[in-house]
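Given the coordinates of chain A, work out where chain B should sit on it, guided by the hints.
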Amino acid sequence: MGEFKVHRVRFFDYMPTAIRAMAFNSRTERLALARADGALEIFNFADNYFQEKVIPGQDGRAVEALCWVGQRLFSAGLNGEITEYDLENLRPRYTVEAYGGPIWTISSNSQGTLLAVGCEDGTVKMFEILEERIQFQRNLDRQKGRIISLSWHPSGTLIAAGMMDMIRIFDAETGRATHRLLVERGVGASKSKEVVVWSIVFLSDHTIVSGDSAGKVQIWDGVTGTLVRTQLVTKWDVLALSVSNDESSLVAGTSEGTVVQFQFISSTVGQQDKEWVRTRTFKNHSHDVRALAHTETAVVSGGMDTQLVVRPLLDKVEKNTQESALRKMTLPHRSLVCCAKKAGLLLFQFPDHLELWRLGESDGHGDSPLSVSFLFSLQVSKLPKDLRSAHQLCFSPDSSKLFASSSHSSVIVVALNQPECKYLHTLKPKSGESESNLQSNNSKLPMSCVCLQLHCTVPVYSSCPTAIAIHPTTSNLVAVHADQQIFEFSLVQKEYTEWSRKLQKQGLHSLWLERDTPITHVAFNPQNPAHIILHDTFMFCIIDQSLPLPEAKTPFYNQMTLRSLPEPQRIIHSHAFKICKNFQHLMCVSLLEDHSLVVVERPLLNIMSQLPAPVRQKKFAT
Amino acid sequence: MNKTITVDVLREPVRANHSTGLAGAEKQRFRWPLTFNCLFSRDPTSSTFFSSSMAALYEGYTLCGLAPAQNLLSSGIQGVEAERDSDHVVVTDSTRSVTLYKVSDQKPLSSWTVKQGQTLTCSAVYNSQTKEYVAVSDGKVIRIWKEEEILLDKAFKATVSSDVWRVHCVAGGEPVVLFQRGAVRLLDSLLSAPQQSIEEILAQEEVIRWSTNIVTESQQVVIFTTEQKGDHFLYLQRLNPNTLQRYRLEREEPGLSPLSFSASCRDKHICLLYLYPNGHVYQSVVPVRGLGADEGAQALLMPRSLLLALPIGEGLLEAASAQVLDDAHVAVVGVPHPSAGAGKDFLCIWNTNFQTLQAGKEMAGKIYGQLWRYSNKLFIPHGKTLSVIPYEWPKSSLASALGKLRQAKTEESKAPTSVPSWNNILHEEKAHPLRTVETRKTRTNRKSQSAPSLTNDHILELIKTAPVEEVQKEVEVLLSRMDVQGLQPSVGQLASTLVSRSLDDPTFYTPSSLAQLVHTRCLCHSVCPDLVLLALERKDYFLCQLCLQFFPDIPEAVTCACLKAFISMPDVDAEKVSVEPDGVSFMESLMARERGPLGLQNGFSPIEMDRSDSLGVGDTRAEDKEKATTPTVQICPVGLHKAVLLNEILQTAYSDSFLLPHLKDLSSQHVLLFLQYLQFLYLKYSQDAFPQMHGLRSPSLTQIMDWVCLLLDAHFTVLVMTPEAKGLLLNLHSFVKSQVRLVSELGKIEGSLQELNKMKVKKDVGQYSIEVIELF
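Chains A and B are the protein sequences, given in the same order. So the first sequence is numbered by my numbering: it starts at 1 and just counts up by one. So the second sequence is numbered by my numbering: it starts at 1 and just counts up by one.
Bound conformation, chain A alone (with noise of 0.2 Å):
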């Protein structure tokens, strides 16, 4: 394949923010994950855990809790408001005013039919969940201090909530309040500190646990009101709590990092009476563990950290399969950066800002190339009103029409004719269904901009697809879903191209399967049309669509063998994926036009090092 020159790019200041809140919709599989700058991130458990829709966040909208009603997602947070989402067309479908100063959590009956959100002045506000919005419906007794976390009692007939230095249960229906369970506060120094119960879960054999700042995970029973058990768990706090589906084991979260698991077994074999034993601890997180989701066979966390990890638990899953591997997911699944392959320039997309910067020369010996950088701004005020929202913008290869994805499954086409531009048509595919090219569902309709008609649908597939691209020359339509399958569809032919079909029949390696990262960006080669680029975070990978499939049983990262092979004998052993894991943790990878490669790095370890400094833990000998 020959001699790539290299530009490796380290200063792409990515840098994703703490993880706040999470919410697992255990029956759609989903999880709603928000962060510290209030974006919202759903995840696809059932789809290889893809990060399939993501909601950017706005200044002021710092979300403090979700919560998942059926399919409708709502969010709280210290603005006071509460937030549903449209998670078709990825933006809030309306916010309510709650009048009970900054919110601290949110949590829903299991009937879907009413929202209980805990304020900052006491207050727990009950919201009754209508149609198409929801409705204030009362307040429960007012307490003295603010009301950190709420958990119902699987019946919808009792909610608990968490406070300061106390649990107060309350009778949902009557709104007064039953119990008031002290809480401890913390030893030594820690005395005159009020102990925050950061959260609560109240199980269907009214158990309460609770997590506090003083690092202790106590057990209650909620009909008498007592203390059952006290772990103390950490010198720090217990920050979340999570209880998985049949009540069995619960976990807890710290901030020393790590996951605490509890499980609801007999103590000794053979008997019956069943209780609450601390089993197992995890660490995975340098910081924080804010956020805590108990699914079937895995805890998931994230914290300060900005890592999602999903730790799957091994005696609910098989072991050594690839469901038992620990995933850490830090990078996001989509292309951040965009690169002009022409100009040799390089698009960084932050939260609020891009940036420009263009690739040095190199001086033969690849080392000190220059590179400019500059800032951009965007100029939006002359833009037609209805491309006010898109999500994937495209333009046309002459440069004269810009395509925008906007809400309602709709594509805009604009001109761009100086000295402004011009809304041209909305392309609106004759089905609901919502093409927006990576965002999201299953069927894909790409249509020809030239006759203004609907051209083709494209077959739908089970998993959501990564990356998308046309190409060039050839018209292809080349696309890789979640589950790292490859679909080659020709666009002249309406039909998948033979390369596709022999792909399919062979099914691809296993080692390709069994990779953790979805691919993010397809591009191709200008001067050879047989080449695809596909890259994830550890690899990239070049397609030679004239070489053949690897067998199952070729070796797969064979890239080291051929190297020491002479080069005669190269061409036996060479198959059509060529994998390059020189670069790890990769934002972008793209082929320019004079045929150099851009790699656009962001080592974890520069993330890990803006961090703020984790609490302080005794080690050995410090």
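Calculated from the structure, these hints are not laboratory results. Glycine is no exception: its CB is placed at the ideal position from the N, C-alpha and C atoms. Be a bit skeptical, because a hint or two may be false.
Here are some chain B residues pointing at chain A (derived, C-beta under 7 Å) [said to hold, decoys possible]: (1) Asp-231; (2) Phe-233; (3) Thr-702; (4) Asp-706; (5) Leu-710; (6) Ile-770; (7) Leu-775; (8) Phe-776.
The calculated DSS-like cross-link candidates involving lysine-lysine, where the alpha carbons are at most 27 Å apart (straight line), are [unchecked claim]: (9) B:Lys-737 - B:Lys-758; (10) A:Lys-5 - B:Lys-366; (11) A:Lys-581 - B:Lys-758; (12) B:Lys-758 - A:Lys-191.
Chain B alone, transformed into the frame defined by chain A:
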């Protein structure tokens, strides 16, 4: 039941920490210079880690409340003096009353007060010979009374002609009176003529600062220090015959005078310990017997040595006190804890030999710089209470100071930390639920009531006299009762008492108790140096094996003595010895391979090589040699149990230069046998990846080779001269040859290996670089 499980889970990480923290599981070779370096380069803070495992200070309890003076400068207590036994003390307050306390009950038994208007000017003492109390009121009135007398005013009084500084009385001595002007009288002789004239010893502006009284077997000595215009003097007044000696203390930084003194008697010398406000603790040693120096001569300068330089934080110490506990430990109060910030309200115990902090305890409230010690209790007035703090520690040893004693030595985590007896298991089960429900109060009560010293002392007494069976039973009960953490201090005492009784009394020997003690892993050789030799003497080879296994600091001479005993033991006798089952099963599996297939796996066969080497000489010789070598190679030259014991020797830590001279004492027969055994082991090991396969305790290949080299070093000339050794030496020679061949082969590919090494180095990539890669 359930509680215990959770507790165990919680403890797990702690235990893991412990073992990782203690440098490797394998016994480290003990290299003195290195150990000392790391010891003294350590700052005192890090040494506090050891204190946790040593637990020298027990939880304290309050003896009585205090009525401190308004300005809070003095505690309101004039003195605490010992009474009839270790459990009674007499407390004299600074005004009018004397109270007798039973310490363990925290209860006053009786109290006496002088009339309003009179004050007690020195603390009351108890004369154990006459069972009388002696105190002085208003400087000149000596009062003597018995416990039954209720009213002090009706008791005996005598007025003397000069002001009294203090009355001293210690067990075994007569009461002595020290006058403010320095004169000393025995109380009896003073009372016979109370108005006798008292001479002035001290100069005009010289005043007494501190005094004490020490009784040695031959002599009673009154020691007092004085201050005169910033100079400090020490007076040694010996009684019967009376001689007085005057020393001048070296000046510390100008303006600093000693905060506290403490004297102890050791080896016919008096050790004086004094603490300066800059945290320096000095020690001076003066002989009890005078030099015969003439009285009144020029004061000698007293030599001193800096014992400790305590960290004092900011500013100088104001109210602090140092008290000698034994020849290696000092209790200091009023000095900051090195790892707890600037607060000075700590009671710390320092080891002066190793400059390490052994234990520390925060004392609530103001410290007045007063500290008394009687038997194994410290009395400290602080804040508004007088607290009693029992203390205890093991005999000082380098191993304990380094925290090495509790080291888990091998990977085997299953090794019991306490004695595996039914008794023990039952007691433990009972103890656990108890601990979880008890409140703080009951805990302190329990601690104070069953202060371990009492039961310990009891057993120590018992060991000295009781028959074997009873001693064994009591030791077992004691071990099972004590929780493992608290064991360490007493185990050393127990073991040394047992050993000394056994050494004195040839009919007395308690193998099982000693084995139990060694099994606790709280012992080391330096704590109980006679133990191994005793075991050897009594042919208790099982105990020897345990000691070799568990002691980190066995000297090379003792290792060699064990080796000699093991190797010279007839195999028949050896099979009767009971040994650790682990070692036996290891050796059994090793020997079982003797009957296994003959083919050597790694392509390495010394016999084969011999043949090829000697091809030129002739086949017959090669066959002969094969005949000669085959038996030594295939059959273990020593019996099973003997082999197990020898393996234990191989695994002990040693230093070549110390071991070598002792090895030379072995006879050539024994050396030959041992070498044959080592060769057997080596061959077994090199056959395949056998050794650590079972996770059993076994010598490593390196240990075996080291011993082979050592033996050859020590006895090479003798071996060369011994005809029986010839075959063996030739065999060993062939090993070496094969090794040399391997190394030379490795040398050939050294370049390639180095390249491998270079490949590992990762380049530091900058923010932006242009590279060239090639895809195939």
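Which numbered hints fail: 1, 2, 3, 4, 5, 9, 10 and 12
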